[in-house]
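These protein sequences, in sequence, are chains A and B.
The end of the first sequence is residue 312 by this note's numbering, with every number in the run present.
The end of the second sequence is residue 187 by this note's numbering, with every number in the run present.
Please keep in mind that the hints were generated in silico from the structure rather than gathered at the bench.
One thing to keep in mind: the hints can contain errors.
[Stated by the list, open to error] Derived, one-sided and incomplete: chain A residues facing chain B with beta-carbon distance under 8 Å:
#	residue
1	204
2	207
3	224
4	250
5	268
[Said to hold, decoys possible] With a straight-line cut-off of 20 Å between C-alpha atoms, the simulated SDA-like cross-links for lysine to any residue are:
#	chain 1	residue 1	chain 2	residue 2
6	B	53	A	199
7	B	164	A	199
8	B	164	B	120
From the three backbone atoms N, C-alpha and C, an ideal C-beta is built for every residue, glycine too.
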Amino acid sequence: MTHEKIREMIGDWLDGELDAPARAAVSAHLDACPACDAEAARLRRLGPALFRAPVRPDPRSTEAFVSRVMARVEADSVSAWERFAARVLAPALGLALAGLVFAIAMPDPDEDAPLGVAAVSADAGSAFEVAP
Amino acid sequence: MTQTGDAELARSAAAGDGDAFAELVRRHAPRVRALCAATLGGPGEAEDAAQEAFLKAHRALPRFSGEASFATWLHRIAVNHCLDVLRAAGRRRSDSLDALLEADSEALGRALSEASPAKALEDQDAVERLLSRLPPEQRLALTLRELEGLTYEEIAASMSCSLDSVKARIRRARADLAGMARHFPGADIV
Ligand SMILES: [Zn+2]
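Chain A with its partners taken away, still in its complex shape:
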């Protein structure tokens, strides 16, 4: 195999991702070719140079993290509920209220409307207009 082909395979070789024949071919080439072997050595150092093994976290730090996440989850649930309330419940409630007021305000032909209903019906009219 050419040096170029081998160089392309060095990463997979380092990661243990080659099948047995390919792995053997790369290993044999590296044993015989100092230039490619030096390149393999450089790439092998790349990981440790840039990625430190994660430090085992202090359990207190984990607990503090859990608390912060749970606080955000709670705030998120509250705001989700508020969004739901604003989008669905408030208009529904407004509509129901307006309907109720409208029904009360409708003059019953058999009965004199009680005093005060007229005032409510005036309010209901304006409330109905501003309702979303």
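For chain A, the structure is supplied; the task is to place chain B with the ligand on it using the hints.
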């Protein structure tokens, strides 16, 4: 006493049990935090991203089918979130990075050519600057390989991409980094 399994905790959490979700966070926080720290550099941003990953997972709980393990499912959410953050950061990336390219590349060049056993660069900021030059997908793939030791197949599952993409991303990432280090031959002299 046996521990309640993740899948059962996830079902309880989806039904509104906050303690169950807190236990899932407790179990999986170390891995998610380490991933965010390695991919997002600065501790403040990484911690925030790790919290947001769990928040996204909490919102998505009703869609957790239990087909994959909870750990795999959560890992995929965390990986995607890191990609989102990196893509957003890339858009506002400044040229101030380039002023330090020479010094950073020299430091990496020395680390790659020393005869002594491989060790991490001392300067964590330099590490962050070097890695931030990689496209987000390449950076994530390399991190999952080098930090977590995942196989290409596991990386493909976490990044929801093909095995060939994983190979290409990791190869490209290594070639770019090694290329930066080589750019400054003074650093290459052993
Ligand atoms: Zn060769």
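Do the hints match the structure? See the list:
no., hint, in the structure
1, 204, "violated (20 Å)"
2, 207, "violated (19 Å)"
3, 224, "holds (7 Å)"
4, 250, "holds (5 Å)"
5, 268, "violated (18 Å)"
6, B:53 <-> A:199, "violated (38 Å)"
7, B:164 <-> A:199, "holds (14 Å)"
8, B:164 <-> B:120, "violated (28 Å)"
In terms of the numbered hints stated before, the structure departs from hints 1, 2, 5, 6, 8, listed from lowest to highest.
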